[in-house]
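Visitor: Sequence:
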Amino acid sequence: MPTPPFFDLLNSLESFNDIEKYSTFHIVNATYKTSIDGNSHITTDILIPRTLRNTKYQGPRPVIVRIHGGFLVTGSSLYPPWFSNWILEYALLNNAIIISPNYRLLPEVTGRDILDDVNDFWDWLHSGSVDPIIWGAGYQSVTLDQSSVLMIGESAGGYLAIQLAITYPSKICGVIAAYPMVHLQSKFYTEAYSKPIVGVPNIPVSLLDDHLTMITTKDNSRIEWVTAADPPDRLELAFSIVQNGKFLDIFGSKDKELFPLERLQDLILTGQSVQLPPMFIFHGEQDSAVPVDSSRVFVRFLWEKLPQARVMFYTQDGDHGFDAEATLETPWLRDGLERISKVCNSKSQTHIKMITDFSGVSLKGKTAIVTGASRGLGAGIALLLAKRGANVVVNYVSDGSAKRAQEVVDQINNQIGTKAILCRADVSKLEEIPLLVDAALKISETGKIEILIHNAAQGLEANLVDTTPEFYETHLNCNVRGPIFLTKAVVPHIAKGGRIVFISSAGARLGVAGQTVYAATKAADEALVRVWAKELGQSHNITVNCVNPGPIATDQWFQSDEQFLKDMQPLIESTPAAARVGEVDDVAPLVAFLCSDDARWTTGACLSANGGLYN
Numbered sequence: 001m002p003t004p005p006f007f008d009l010l011n012s013l014e015s016f017n018d019i020e021k022y023s024t025f026h027i028v029n030a031t032y033k034t035s036i037d038g039n040s041h042i043t044t045d046i047l048i049p050r051t052l053r054n055t056k057y058q059g060p061r062p063v064i065v066r067i068h069g070g071f072l073v074t075g076s077s078l079y080p081p082w083f084s085n086w087i088l089e090y091a092l093l094n095n096a097i098i099i100s101p102n103y104r105l106l107p108e109v110t111g112r113d114i115l116d117d118v119n120d121f122w123d124w125l126h127s128g129s130v131d132p133i134i135w136g137a138g139y140q141s142v143t144l145d146q147s148s149v150l151m152i153g154e155s156a157g158g159y160l161a162i163q164l165a166i167t168y169p170s171k172i173c174g175v176i177a178a179y180p181m182v183h184l185q186s187k188f189y190t191e192a193y194s195k196p197i198v199g200v201p202n203i204p205v206s207l208l209d210d211h212l213t214m215i216t217t218k219d220n221s222r223i224e225w226v227t228a229a230d231p232p233d234r235l236e237l238a239f240s241i242v243q244n245g246k247f248l249d250i251f252g253s254k255d256k257e258l259f260p261l262e263r264l265q266d267l268i269l270t271g272q273s274v275q276l277p278p279m280f281i282f283h284g285e286q287d288s289a290v291p292v293d294s295s296r297v298f299v300r301f302l303w304e305k306l307p308q309a310r311v312m313f314y315t316q317d318g319d320h321g322f323d324a325e326a327t328l329e330t331p332w333l334r335d336g337l338e339r340i341s342k343v344c345n346s347k348s349q350t351h352i353k354m355i356t357d358f359s360g361v362s363l364k365g366k367t368a369i370v371t372g373a374s375r376g377l378g379a380g381i382a383l384l385l386a387k388r389g390a391n392v393v394v395n396y397v398s399d400g401s402a403k404r405a406q407e408v409v410d411q412i413n414n415q416i417g418t419k420a421i422l423c424r425a426d427v428s429k430l431e432e433i434p435l436l437v438d439a440a441l442k443i444s445e446t447g448k449i450e451i452l453i454h455n456a457a458q459g460l461e462a463n464l465v466d467t468t469p470e471f472y473e474t475h476l477n478c479n480v481r482g483p484i485f486l487t488k489a490v491v492p493h494i495a496k497g498g499r500i501v502f503i504s505s506a507g508a509r510l511g512v513a514g515q516t517v518y519a520a521t522k523a524a525d526e527a528l529v530r531v532w533a534k535e536l537g538q539s540h541n542i543t544v545n546c547v548n549p550g551p552i553a554t555d556q557w558f559q560s561d562e563q564f565l566k567d568m569q570p571l572i573e574s575t576p577a578a579a580r581v582g583e584v585d586d587v588a589p590l591v592a593f594l595c596s597d598d599a600r601w602t603t604g605a606c607l608s609a610n611g612g613l614y615n
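All residue numbers for the sequence shown refer to full-length UniProt numbering, where the first residue is 1 and numbers rise by one.
You can take every hint at face value.
Capping the alpha-carbon separation at 30 Å, the derived lysine-lysine pairs in DSS-like fashion look like this:
no., residue 1, residue 2
1, Lys419, Lys342
2, Lys364, Lys534
3, Lys496, Lys534
4, Lys429, Lys419
5, Lys256, Lys171
6, Lys364, Lys342
7, Lys448, Lys496
8, Lys246, Lys195
9, Lys364, Lys387
10, Lys448, Lys364
11, Lys429, Lys496
12, Lys429, Lys448
13, Lys488, Lys429
14, Lys171, Lys419
15, Lys305, Lys256
16, Lys442, Lys419
Derived CB-CB ranges, DEER-like:
no., residue 1, residue 2, range
17, Ile215, Gln272, 36 to 42 Å
18, Lys403, Gln146, 32 to 38 Å
19, Lys442, Lys496, 17 to 23 Å
20, Asp131, Thr213, 41 to 47 Å
21, Ser23, Asp233, 23 to 29 Å
22, Glu304, Tyr22, 39 to 45 Å
23, Gln146, Thr467, 56 to 62 Å
24, Thr43, Lys254, 26 to 32 Å
25, Glu304, Gly38, 46 to 52 Å
26, His126, His41, 16 to 22 Å
Source of the hints: derived by calculation from the structure; they are not laboratory data.
Virtual Cβ for every residue (Gly too), placed ideally from N, Cα, C.
Please construct the entire structure, taking both the sequences and the accompanying hints into account.
Guide: Below is the structure:
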């Protein structure tokens with residue numbers, strides 16, 4: 001029997017703003033871990049929407065694993081003030097089952113013990129133990145859809161959700177991390193100084209010392225099992241630990257696996273393939289409990305080192321827990337949830353498939369050249385074209401980008417299943433352009449090249465008075481001369497009905513200081529689109545278009561100089577669409593559409609994907 005989409009926010013018929021918390025759920029408490037002596041237990045709460053008694057929604061149901069916060073010192077699975085209403089709304093809207101585990105708390109145990117707990121919980125969740133519990137609660141025809149596990153964690157729970165995502169990336173369809181504690185080695189946790197948390201001034205370290213004395217036994221071991229503590233119980237203890245710089249002393253600092261950044265760095269340095277589920281991370285700008293810079297450091301690391309990772313990052317005005325009053329209609333939250341929803345739908349067994357990009361986009365059997373495809377937007381375009389069925393030439397230019405380009409090729413060949421080939425070639429050098437054509441013909445199924453994406457570009461900044469002839473030539477050769485002569489080389493091999501797409505820039509129209517040459521070259525590209533649409537359309541039935549992105553969160557964006565980023569901030573904040581920097585996923589689907597048969601009557605167009613930046 002068809003069941004509704006996993007997270008179909010687009011067709012919400014009612015608001016759950018006025019529900020009494022938990023009243024629309026059947027709550028069952030279950031044990032997932034027991035001490036060796038059998039006397040102590042760690043439990044989880046299972047929240048089953050009462051609507052699942054309706055036979056319409058029986059069968060496999062999506063799963064939300066929600067992990068509570070509290071500095072890993074306090075909190076519990078169902079403490080009402082810390083269980084955001086939007087999570088309950090989200091589950092009810094989609095008849096999803098929430099599973100919210102407890103875990104042992106600091107300082108009775110260490111961070112290693114807590115990670116062991118959540119890993120044991122994960123094993124229990126996938127052991128087949130949950131379905132019988134649901135049946136015993138009176139929902140005999142309901143089961144868990146293990147292909148649709150969405151992680152949600154707040155604060156310390158966000159840290160644990162991300163840790164599970166690093167460990168089990170293929171079994172998690174997405175992660176929502178609210179103000180997560182992901183940079184535990186920052187001075188906020190390691191140094192003692194005046195740091196009021198949500199208005200609470202510093203708690204003396206003596207409170208912590210007294211507690212440690214109380215829980216330490218004669219053999220210097222500690223009482224092992226404290227698994228739930230509803231604030232205000234232990235809240236001052238948590239503040240005392242953090243405000244006095246004692247967190248790592250309690251948590252443990254020698255095990256790199258305790259720290260997400262260090263874990264990922266080690267995986268990358270040792271050459272291991274790192275795949276993360278899509279993440280939606282949000283944080284309050286005035287967060288006094290978990291500083292927003294912790295999320296910024298983590299997100300920038302992901303954007304720079306793992307450009308293929310799909311990471312959405314939103315900041316809003318507010319202190320810790322600012323989302324408590326948010327609803328599914330809150331614009332920034334709705335936007336992030338819709339994006340995560342689409343990814344979860346693509347993996348779920350329990351939905352009617354949503355239209356995630358453009359429903360008619362099929363590029364099966366076509367061959368595409370994507371220049372500058374080792375990272376950022378180019379890599380995202382190459383991967384999406386492959387997912388739509390295309391074989392792809394992944395172009396890169398230097399030793400520094402070779403590894404990333406190879407990762408894109410490996411992902412296409414080994415995970416997506418179409419064909420990809422590496423091609424090192426500098427489009428600004430005329431003698432290297434034939435290498436791209438040769439590579440495309442090697443993997444072509446038709447002996448033709450169907451798609452050409454001009455993405456490679458030089459985008460350095462210089463004011464007019466600082467512009468040299470060499471600077472001008474470098475940009476002109478890469479951004480204008482290269483596309484002209486690459487297109488000339490491809491045209492004899494391009495199939496009837498072929499597609500050429502330029503990646504232009506909002507800089508061609510905005511007039512940003514420091515972009516004299518870059519803006520001029522991008523404006524020239526847009527002129528080429530209009531000219532070639534006539535020339536190549538009439539002679540070869542080729543469409544030629546461009547996509548004009550706004551600022552996109554790639555490593556190039558974060559490497560921009562400080563003054564440029566400062567100048568751009570007012571423009572970004574004034575954009576109608578969520579006032580944010582764009583992401584690769586905001587642009588790549590539009591490129592895929594222009595490459596498809598659905599765009600057969602679209603040519604000579606420059607389509608904007610910029611959140612309304614200059615509309």
